[in-house]
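K.L.:
Build out the structure end to end from the sequences listed, making use of the hints.
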Amino acid sequence: MKCGLEIHVQLETDSKLFCDCHTNYQEAPPNTNICYVCLNQPGAKPYPPNQEAMEGAIKIALMLACDIADDVTYFLRKHYNYPDLPSGYQRTSIPIGYGGDLNGVRIREVHIEEDPGQYKPDLGVVDFNRSGIPLIEIVTEPDMNSPEEARTFMRELIRVLEYSGNARGEGTMRADVNISLEGGKRVEIKNINSIKGAYKALKFEMVRQKNLLKRGVKVTQETRAFLEAQMITVSMRLKEEAEDYRYIPDPDLPPMMAEEEQIEGIREKMPEPPHIKTKRFIEEYGIEEEHAKVMTSELELANAFEEVVKEIEPKFAALWMRDELKRVLYYNKMSFAESGIEPPQIIELLELIKDKKVTTKAAQRIIENMPKKSTTIKATTAEAKAEALSPTIIAEQMGLIGIADEKNVLKAVKKSIEENPQAVSDYKEGKKEALNYLVGQVMRITRGKAEPDKTVKMLKELI
Amino acid sequence: MKLLDKAVSIKNHEITASDNLENFYNKIKRRNPDINAFLEIKIEEARLVADKIDQRIKSGEEVGKLAGLVIGIKSNINVEDFKITAASKTLENYFGSYDATVIERIKKEDGIIIGMTNMDEFAAGSSTETSYFGYTDNPAAPGRIPGGSSGGSAAAIAAGLCDLSLGSDTGGSIRNPASHCGVMAFKPTYGVVSRQGLLDLAMSFDQIGPFAQDTGGIAMMLDVITGYDPKECTTIDWNVPAFTKITDLEDEKAQDALKGMKLGVVEQFLEVSDDKIVNIIEDTVQEMGELGVELVELSFDYIELCLPTYYLINYVEFFSATRKYDGRKYGYKIEDVCGEEVLRRIHIGSYISQKEYSGKYYNKALQARSLIRKEINKLLRDVDAIVGPTVPKLPHKLGTSLEPMEMYAYDVLTVIANLAGIPAASIKAGEVNSIPVGLQIQAKPLDDAKILQIMAGFHQTL
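If you're matching them up, the sequences are chains A and B in order. Each residue of the first sequence is one higher than the one before, counting from 1 in this note's numbering. Each residue of the second sequence is one higher than the one before, counting from 1001 in this note's numbering.
By construction, these hints were calculated from the structure, which means they are not laboratory data. For glycine and all other residues, C-beta sits at the position ideal for the given N, C-alpha and C. Treat the hints with care, since some could be wrong.
Covered stretches of chain A, as calculated for chain B (at least 3 residues, CB under 8 Å) [said to hold, decoys possible]:
| id | segment |
| --- | --- |
| 1 | 40 to 51 |
| 2 | 70 to 82 |
| 3 | 251 to 263 |
| 4 | 430 to 441 |
Computed cross-link-like contacts, DSS-like style, restricted to lysine-lysine with a CA-CA straight-line distance of at most 25 Å [stated by the list, open to error]:
| id | chain 1 | residue 1 | chain 2 | residue 2 |
| --- | --- | --- | --- | --- |
| 5 | B | K1333 | A | K190 |
| 6 | A | K454 | A | K354 |
| 7 | A | K214 | A | K203 |
| 8 | A | K120 | B | K1355 |
| 9 | A | K78 | B | K1333 |
P.N.:
Put into structure tokens, the structure is as follows:
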């Protein structure tokens, strides 16, 4: 099978594409972020296009390795009749970038358009808060060969968009996917709102089309709608019924031209795209691909990693940041940026482990406390905050500094065996998990200062 | 009394804004029922504005350039709380929710907006007969059409129902009724006046402009409404000339300004016009020659291309612009209630903008437009302005039934300025059987001041 995607995501801007209304449409009460321009009331003309949006689109196009149109760019009017569209047409630009690539999937074009309002057919109402919010549309060539490949591509694309800092996330995504099987015509599926939805729609469609072809039924060119609740697709219209949008250049918006200087300025400032960063991490730092992918999953995390490896051996840093730091972030449902943790603190913590000032177990407890501290402390200065998050200080506060010497560990091991005869006999009968319990007891007695592997060894010897 | 002098008199408290307003209001009460120039009058609000202006003048405060002058606005320009109907049943009960940029500027300069004027439905016409609210009579030639589409604004000036009025010009909609009603009017260079708040006919042609009895009035209004609008992308950021200064001259000096000017007369513009009109225009041009103007004969080979090009683009842009009148928001769906001409334009616009025909009609029209623009600018290169008839025919009698092509033929000389985006004005040149005939003056883009200079010099000779 061959699959191509058209993905729309909202651009992150303060104001709408053609007026000054705010873009926080989800928080605002219905129909409050509106004016005569985004309602397209009689006589209203668009303001000049939002430059933040235009530059964001150029940046994303560059990050997807697109060429930037060196000719004039202009907006077209795409006419269709629907309650969410107050003017009866949607403004959509001609391609801003074209001929790009993301992990081997060719990007046909990147352009910008305006979001319509939100129509709720069940209530018969329209909320125009969303009307006029800038969208970026990314169109790929049909270069994906399975639903899994499409899913991988979309995840990677969302990561690029997040890296750009100019787009909102998957939550604002709307996708059209097209799929064609050997021997069948191209089918387009609309109304997809998530990566999971796209994956499910493609899966369903692949099976449906395979069954048709198996029975000798022709797969005709058509547009289908994805029904999210049922995870199926249903026919919307056949090719012959395709809507004619009667595109014309919008006379209210004169053609624009991106200056070479402006493009270069954006290129200089734009972040390295995640898929390229991953490759570089593998090559430059000699870390495993899987680790590199986790390190680049978030731009701030990737930047922190690069800071940390100036002081710490990369493989150790990557392993530890992937296992422990990501575990804590995941548990707290936080991004690295939200955790408030800074590279110096990671370096400090990793050095404490390396210098055997804390055990790995103690280090786990220290890092578990860092995000919490970061969100609850009232430190106003950067210095005060850094101190509050210092792993050494946290360790001291929690009494976690130091590694118990062999004598003390042995004492604790003996004590735990004495106090827990049941666990000891369970272990002897082959219940391996009983040993973990005993290790826990040793940790409790030594306040986590015993080294886990040594503890296990001693317990085994003594039982 | 010249309008510039009147404005000074109001500022000096020799005439009060309130008296000026009441004077016009009485005339409107008396004459508007017959003429139907105004569709809506808001006298109470206007009185409050006038009263405030008088008080401010009395207490020695600064007042704006248009202080105390009474102004009528075409019904397709948004004025908050007025009915913005575009003379269509579609918008029968639609109230403007905001002020167009030109209205903001007029209000800031203390102009008194008294009401909304009649027009062809959605400005799609040249006679003001297609208004849902009935035709407007021509005060200068009773029983005949006032021209259009800004017929109400022209008739209001001709009948002395206000000091100034605004119209919009897409293919002649300002100049055509000015010519038929014997008043002055000006269509600025495309982009000189903001269209923010103007209901669309064809966006790439539409331009707002003033009507007045004299050049001083035109100049005062141009001073107020012209200039870059950061909220309207097609406006031009340029050094706007001081129009009033150009016209506020002693008669002789105004005439002196004409000396040495080169004015072009295009052979084909005369060929397509009625003989009686040509006679008057030739006499006028002769007079100009006597004032020291150098006359140059020019030839324009593309006149037959102009109307089809103009109408094809007009249809497509109008189709697009009317998609918002879908019946969900503004009362009626346009196709369900509009008149014949509006429906014709929507249908043809929809037809020719189809994907399968785009190369055949619309794109060709855009190419033809580029050609016409290039050729007109070539003609203008060697002259200061082109002069000729505004309209090739005299206004027909009200109630005469005309074929669409006969109707469109009124526009052949005016659409050129819109196709090329150049400034153009109409000024009364004379009369045929007491029916006014207008002289059209067209110049290079942004040479708006030069046209005004010619109008001022020529006006003094009448």
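K.L.:
Is the straight-line distance between the alpha-carbon of A/K120 and that of B/K1355 25 Å or less?
P.N.:
Measuring from Cα to Cα gives roughly 31 Å; hence the hint is violated.
K.L.:
Count the residues of the segment 40 to 51 of chain A whose CB lies closer than 8 Å to any CB of chain B, then report whether that count reaches three.
P.N.:
Answer holds; 9 residues pass the 8 Å Cβ test.
K.L.:
With a C-beta cutoff of 8 Å, work out whether three or more residues of the segment 251 to 263 of chain A approach chain B closely enough for the coverage to hold.
P.N.:
holds (count 4)
K.L.:
Given that the segment 70 to 82 of chain A was listed as covered by chain B, double-check it with a C-beta distance under 8 Å for 3 or more residues.
P.N.:
holds (count 3)
K.L.:
Starting from A/K454, check that the Cα of A/K354 is at most 25 Å away, please.
P.N.:
holds (17 Å)
K.L.:
Are the Cα positions of A/K214 and A/K203 separated by 25 Å at most?
P.N.:
holds (16 Å)
K.L.:
Would the hint linking A/K78 and B/K1333 be met if the CA-CA limit is 25 Å?
P.N.:
Holds: A/K78 and B/K1333 sit about 20 Å apart, inside 25 Å.
K.L.:
Within the assertion that chain B covers the segment 430 to 441 of chain A, do at least three residues meet a Cβ-to-Cβ distance smaller than 8 Å?
P.N.:
violated (count 0)
K.L.:
Is it true that the CA of B/K1333 sits at most 25 Å from the CA of A/K190?
P.N.:
violated (29 Å)
The structure does not agree with the numbered hints 4, 5 and 8 stated previously, though it agrees with the rest.
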